[in-house]
Amino acid sequence: MAITVRLMSLLMKFQTAEATVAMVCSEIIDVEPSKNSVVALNGALLDPPSSIVQGQMLQEMITLSLSASRSTDVTSHRGRELMSGLYFGGRHSGHREDYDKQLHQ
Amino acid sequence: MTGKLQPDELEACVGPVRQAVLSVGVEDRDLHGFVLPGGLSGVLGIYLAGIKRSSAEDGALGIAEMVRRTNLASLKPVTVQMIGALIRAIGERHPSAGKTAILHALATLLEKAPLFAKPFIPQLQRTAVKNLSDPANSDVRNEAAVVLGALIPMQPRVDPLVTELLGAANASVDDGVKFAIVKALCEVFSKAGKSVGESQKKAVSDLIHEIVVDGRGTAALV
Numbered sequence: 000m001a002i003t004v005r006l007m008s009l010l011m012k013f014q015t016a017e018a019t020v021a022m023v024c025s026e027i028i029d030v031e032p033s034k035n036s037v038v039a040l041n042g043a044l045l046d047p048p049s050s051i052v053q054g055q056m057l058q059e060m061i062t063l064s065l066s067a068s069r070s071t072d073v074t075s076h077r078g079r080e081l082m083s084g085l086y087f088g089g090r091h092s093g094h095r096e097d098y099d100k101q102l103h104q
Numbered sequence: 000m001t002g003k004l005q006p007d008e009l010e011a012c013v014g015p016v017r018q019a020v021l022s023v024g025v026e027d028r029d030l031h032g033f034v035l036p037g038g039l040s041g042v043l044g045i046y047l048a049g050i051k052r053s054s055a056e057d058g059a060l061g062i063a064e065m066v067r068r069t070n071l072a073s074l075k076p077v078t079v080q081m082i083g084a085l086i087r088a089i090g091e092r093h094p095s096a097g098k099t100a101i102l103h104a105l106a107t108l109l110e111k112a113p114l115f116a117k118p119f120i121p122q123l124q125r126t127a128v129k130n131l132s133d134p135a136n137s138d139v140r141n142e143a144a145v146v147l148g149a150l151i152p153m154q155p156r157v158d159p160l161v162t163e164l165l166g167a168a169n170a171s172v173d174d175g176v177k178f179a180i181v182k183a184l185c186e187v188f189s190k191a192g193k194s195v196g197e198s199q200k201k202a203v204s205d206l207i208h209e210i211v212v213d214g215r216g217t218a219a220l221v
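Residue numbers (numbering that gives the first Met the number 0), protein chains in the order written: chain L, 0 to 104; chain V, 0 to 221.
It should be emphasised that the hints constitute simulated quantities derived from the structure, not laboratory data.
Glycine included, each C-beta is placed from N, C-alpha and C at the ideal position.
One should not assume that every hint holds.
Stated by the list, open to error - Below, a sample of chain L positions facing chain V; criterion: calculated Cβ distance under 8 Å:
| hint | residue |
| --- | --- |
| 1 | I2 |
| 2 | T3 |
| 3 | L10 |
| 4 | F13 |
| 5 | M22 |
| 6 | S36 |
| 7 | T62 |
| 8 | R69 |
Bound conformation, chain L alone:
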C-alpha cells in the first residue's frame, strides 16, 4: 500500500489540477474511512500539489482526518491523523487554527 501511495503522490505532480482533485475525491474523500484511505491521505499530504490544499478540499481533508481518528476501524492510525495535522501546521500555518479548533470540538 505504501508504494501505491508513493505512486499516487508522484502521479499527482504530473496531472492537471482537475484530475488531481478527482483522484483525491475518489481515493480518499468520497470513500468510507479505512486504513488504506488514511494512508493515502497522509501520502497525499506529504508533498501536496496546490490544487488540493485550498478551500473546500482542505476542509474536507481535515474533517476526514478527524473522522478517521474517531473511527474504531482505523484507531491504530490515530498517529497518522496527528501527522496530518503536522503537515497542515508546517506547510500551511494559516490553517492550523482551523485544524486545532475542529480537533477540540
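Fit chain V to the known structure of chain L by using the hints.
Only chain V this time, still in chain L's reference frame:
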C-alpha cells in the same frame, strides 16, 4: 594464461579471483590492472565462464565489482560482450540468487556506462519486465525494477513501457508481483513523469484506485 584453460577450469577460478579483486581493489576507484590495455579480458573470461555455467551468482557479482573498479575508456571495448553474455545468461535456468546477481551486474553497468548500453535497450527492457513478474523471488523482482529505473532516462518515449507494466499488473494475481510493478511505475514517474501520456496516466490512476479502494493487489501489504 586464461586462454589455455578449459571452461570448467575457468569456472573453478571465479571464487578465488573475486576474492583477489576484492582484497586489492577499492570500490569506485580504478584498479590499475583493469585499466591497462587488455587488462580486463583475462578476469572477464573467468567471470563469463562462471555465468555460463553453475557459478552465475559469483560470476555476475564479479562483473559488477569489476565494472565499479574500471574507468569508462577501459570498459568500452568489453561492454557489448559483457551485456550480451548477461542477457543470454538470465534467459537460462539459474537459481534466484544467480538471476538477482545478473540483474545487479546489468544495473551496475547501466549506471556506470549508460551510453554503451544503448543498443541493448529493447532486450534489456524485455528482460527487466519479464523478471519483474518473477513469481518465486522478491529480490529478483526488486533488482529488475532497478534495471528498469536505469533504462528509463535513456528512452525517448516511456508510454509503451507504462502500457506494458500496466498490462503485467492487471494480469498478475500475485501481490508481490504487483508490488514490484507498482515500484517500477514509481521509477517511471520519478524519472520521466513529464513524458507519460494522458491515457497512460488515467490507466495508472485506475490501477491505484483498484489497490486503494477495492483493496486488490498490494493493499495486503499495509
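Verification of the hints:
no.	hint	result
1	I2	5 Å, holds
2	T3	5 Å, holds
3	L10	6 Å, holds
4	F13	4 Å, holds
5	M22	6 Å, holds
6	S36	7 Å, holds
7	T62	19 Å, violated
8	R69	20 Å, violated
Checked against the numbered hints above, the structure breaks hints 7 and 8 and satisfies the rest.
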